[in-house]
Structure formats: structure tokens, C-alpha cells
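Chains W and V supply the protein sequences, listed in that same order. So the first sequence is numbered by this note's numbering: it starts at 195 and just counts up by one. So the second sequence is numbered by this note's numbering: it starts at 23 and just counts up by one.
All the given hints hold, so there is nothing to weed out.
From the derived model, a few chain V residues whose C-beta atoms are all more than 10 angstroms from chain W:
hint, residue
1, Ser92
2, Glu109
3, Thr153
One side of the interface only, derived from the structure: several residues of chain W facing chain V at Cβ under 8 angstroms:
hint, residue
4, Asn216
5, Val230
6, Val231
7, Asp232
8, Leu233
9, Met234
10, Gly235
11, Gln294
12, Gly295
13, Arg344
14, Arg346
15, Ala347
Don't read these hints as lab results, they were simulated from the structure. Note that this is a predicted model, so its numbers are computed, not measured. Beta carbons are placed, not taken as given, at the ideal position from N, Cα and C, and that holds for glycine.
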Amino acid sequence: MSAYAWPTDLQPSGCSLFLEPNVREFISPWTGAYDVVDLMGERWHMTVTLPVRRRSQAGAIEAYFNRLRGVHTATAWYFSRPAPIGTMRGTPILSAQAAQGVQSLSVSGAGAYGTVKAGDMLGLAGQWLQVAADATASAGGAITILTANRVRATVSSSTAVVWDKPTATFRLASPRVPVAHLPGYSDSLDVELIETW
Amino acid sequence: MRTLTAPIIAALAARPVGIAQLVTMYLTSTVYLNTTAWSLSWNSNTYLGAANVGRIDVIEDAPGEIKGLSFQLNGVGSANLALALAEPVQGKRVVVETVVFNASSVVVDAMVEWEGRLDVMTIQEEGGSATITVTAEHIGIDLLRPTNSLYSNAEQQRLHAADHFCEYIIDQAEQPLIWPAASFWRK
Numbered sequence: 195m196s197a198y199a200w201p202t203d204l205q206p207s208g209c210s211l212f213l214e215p216n217v218r219e220f221i222s223p224w225t226g227a228y229d230v231v232d233l234m235g236e237r238w239h240m241t242v243t244l245p246v247r248r249r250s251q252a253g254a255i256e257a258y259f260n261r262l263r264g265v266h267t268a269t270a271w272y273f274s275r276p277a278p279i280g281t282m283r284g285t286p287i288l289s290a291q292a293a294q295g296v297q298s299l300s301v302s303g304a305g306a307y308g309t310v311k312a313g314d315m316l317g318l319a320g321q322w323l324q325v326a327a328d329a330t331a332s333a334g335g336a337i338t339i340l341t342a343n344r345v346r347a348t349v350s351s352s353t354a355v356v357w358d359k360p361t362a363t364f365r366l367a368s369p370r371v372p373v374a375h376l377p378g379y380s381d382s383l384d385v386e387l388i389e390t391w
Numbered sequence: 023m024r025t026l027t028a029p030i031i032a033a034l035a036a037r038p039v040g041i042a043q044l045v046t047m048y049l050t051s052t053v054y055l056n057t058t059a060w061s062l063s064w065n066s067n068t069y070l071g072a073a074n075v076g077r078i079d080v081i082e083d084a085p086g087e088i089k090g091l092s093f094q095l096n097g098v099g100s101a102n103l104a105l106a107l108a109e110p111v112q113g114k115r116v117v118v119e120t121v122v123f124n125a126s127s128v129v130v131d132a133m134v135e136w137e138g139r140l141d142v143m144t145i146q147e148e149g150g151s152a153t154i155t156v157t158a159e160h161i162g163i164d165l166l167r168p169t170n171s172l173y174s175n176a177e178q179q180r181l182h183a184a185d186h187f188c189e190y191i192i193d194q195a196e197q198p199l200i201w202p203a204a205s206f207w208r209k
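When you get a sec, could you build the whole thing from the sequences and use the hints?
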């Protein structure tokens with residue numbers, strides 16, 4: 195299985211993202227009381243809308259999805275927010291190990307008073323971690339970042355925290371991606387991607 | 023009745039509760055799998071996340087019945103296929119444990135849910151997909167299996183050649199013993 199990078203010229207006109215939890219819900223039929231069991235392993239679902247394209251450009255869409263053949267995966271960044279809204283730049287790294295399941299990252303090298311904003315997407319060892327709350331680094335560039343999703347495997351200290359188009363690996367929700375060709379152009383289409391690892 | 027450890031009781035009392043199942047198959051090279059999408063470390067072993075490719079039957083408890091279990095693995099991967107084709111799995115031990123996570127998603131403890139022995143592994147291909155299925159018998163089935171060992175001299179000699187305890191057992195079987203003997207009262 196190979197992972198093919200999302201072509202940079204395949205720029206979507208729309209993108210929606212949600213985190214699908216892996217839980218089982220139980221609702222009492224008598225009292226309406228609600229409980230939930232966490233089975234671990236939440237995944238990102240991203241739906242991208244590819245715009246109407248000229249006939250000469252439409253072949254690239256077909257070729258990319260056909261190349262995946264339902265077997266291979268795609269590496270893509272979060273098209274709606276490829277870089278943080280916050281000001282954190284430079285080469286931030288983990289200043290302490292991030293254990294499996296944690297939702298807090300200790301980061302150094304975030305730049306003096308660099309910030310992250312809730313919703314910013316960061317990359318850590320190939321995983322997307324979404325910032326859960328605004329945070330500001332110290333003068334020395336140290337920052338503690340709370341994340342919306344959990345670290346799925348322990349990541350060692352000094353691992354790079356990617357802020358510039360961090361990528362995650364996805365598979366197509368359906369391996370069939372028909373591109374509708376109309377006279378002179380190809381129609382827009384929606385493609386659903388599900389995070390895989 | 024199952025006795026839960028204190029850490030598990032504490033984790034169950036908290037919300038939300040996180041659970042998973044660990045499967046350990048004691049094959050030539052021990053296979054460690056878990057039912058989540060993550061790889062989990064427990065007891066110094068790494069249990070590979072099989073959520074994408076694995077399935078375990080529902081474990082059912084019924085009075086008077088000892089039920090088996092079935093495990094399925096996606097057979098697309100060559101490693102899994104090799105496992106099914108080359109590994110003599112019959113009779114190998116398999117243990118299913120339930121682990122409970124605390125609120126920080128850390129495994130707090132594990133308890134054995136089911137234990138048994140693997141039966142034959144089969145590969146099924148249909149509808150463009152392949153699956154490897156292995157059934158297992160619960161270890162408790164041994165209790166229902168008739169024992170073929172008898173209290174006979176031949177069996178005792180087979181087990182302990184120097185032991186003649188059962189040598190006259192046939193002569194003694196079903197013999198009426200009258201004690202004291204009638205001659206005692208005639209004295």
C-alpha cells in the first residue's frame with residue numbers, strides 16, 4: 195500500500211471536517227438517562243468539494259483517484275486552515291514525551307509569545323491534532339497546547355510539531371469517484387476522505 | 023461471580039468509561055491484538071490495533087453451556103495469509119481480556135474474559151474479499167469431556183509400573199465382606 199500526496203493543483207473549493215468518535219451510546223428507554231462507552235480511536239472525516247474544471251484539467255482528477263484504486267491512501271492537509279490562525283511559526287518541537295491518549299502537548303521553540311488558536315491544526319508524527327483552546331508561548335517559546343483529539347501512539351520528546359500544511363493519511367470513503375464530463379468542462383464533485391493509519 | 027479489582031471499579035465509576043479487548047494467541051510466535059484502532063501496551067507487550075481488520079464473536083454466557091468463540095481477520099495482508107497457511111494453530115491457547123481505561127485513556131487493569139484453545143483456521147474468499155476465520159473452544163469444555171483413565175491394574179501399571187495397588191482390584195470388586203465373620207460368634 196502506498197500513500198500518494200494530494201496534488202497541489204487540486205485545490206478544493208470547499209472543505210468540511212469532523213472528528214468521528216468511536217463510542218457506543220446507551221440510552222435508558224425508561225428514564226432517558228444517557229451513558230457512553232469509549233472504544234478508543236477517533237478519526238477525522240474530511241469532505242472536499244472539487245470545483246468545476248476545464249476539460250483540459252479534468253483528467254488530473256480522474257488520474258489521481260484512479261491511481262488510488264481503492265487500495266492506496268492519500269496524504270492531505272486541512273484545506274480550510276493550512277497554517278495556524280495563531281502566530282506560532284518557526285520549528286516547534288515536543289519538549290516532553292506525549293504519551294498515548296493525552297490531550298496536552300508541551301512544546302518548545304514556538305517563538306516568543308507565539309500563539310495558537312482553538313481550531314488550529316497541528317501535525318505530530320503523522321497525526322492531526324486540533325488545538326482545543328487558545329494558548330500563548332512564554333518569552334522563551336515554551337507553550338502548553340490542549341488538543342481536541344488524543345495522541346494515538348506515544349510520541350517521543352524532540353519530535354517536530356508541524357504547523358505548515360500538516361498532513362494526515364486518508365482513504366476514500368468510496369473507491370469509486372466518478373468525474374462527470376460535460377461539454378467543455380467537468381462538473382464539481384464531493385470526495386469523502388476518512389483518516390487511516 | 024467475577025471479582026473486579028479496585029482500579030477497575032474506580033475507572034468504571036468515572037465517566038466516560040473506556041474499554042477494549044485484548045486477544046493473545048499463543049502460536050509459534052505469540053500474536054497480540056486488540057479491538058481498538060490504536061496499538062496498546064500492556065504487560066510489556068504491544069497489542070496491535072485490529073479495529074480495521076479484525077472481528078471477535080460476542081462472548082455469551084449461558085447457564086449449563088460452554089460456548090466457543092470465533093475470530094476473524096482480514097485476509098488481504100500477506101502476513102495474515104501466511105499465518106493462516108503455515109501456522110499449526112490447532113490446540114494453541116488463546117486468551118481474551120477486557121481492559122478498562124481511566125479518564126486519561128490509560129489502561130488501568132485487565133481481566134480475563136474468555137480462555138480457550140484454537141481450532142482449525144480457514145480462509146474464505148467471496149465477493150472480492152478474503153477473511154481468515156478461526157474458531158476456538160472454551161477451556162471449560164475439558165470438564166465435559168469423559169476421562170478415559172480407569173481405576174484398573176493395567177492403567178495403574180501404565181502410569182506407575184512399580185505400583186501394585188490395583189493388582190487384586192478385580193478379585194475384590196463387589197465381594198461381600200462380613201465382619202466379624204460368622205466363625206467369630208461360634209467360639
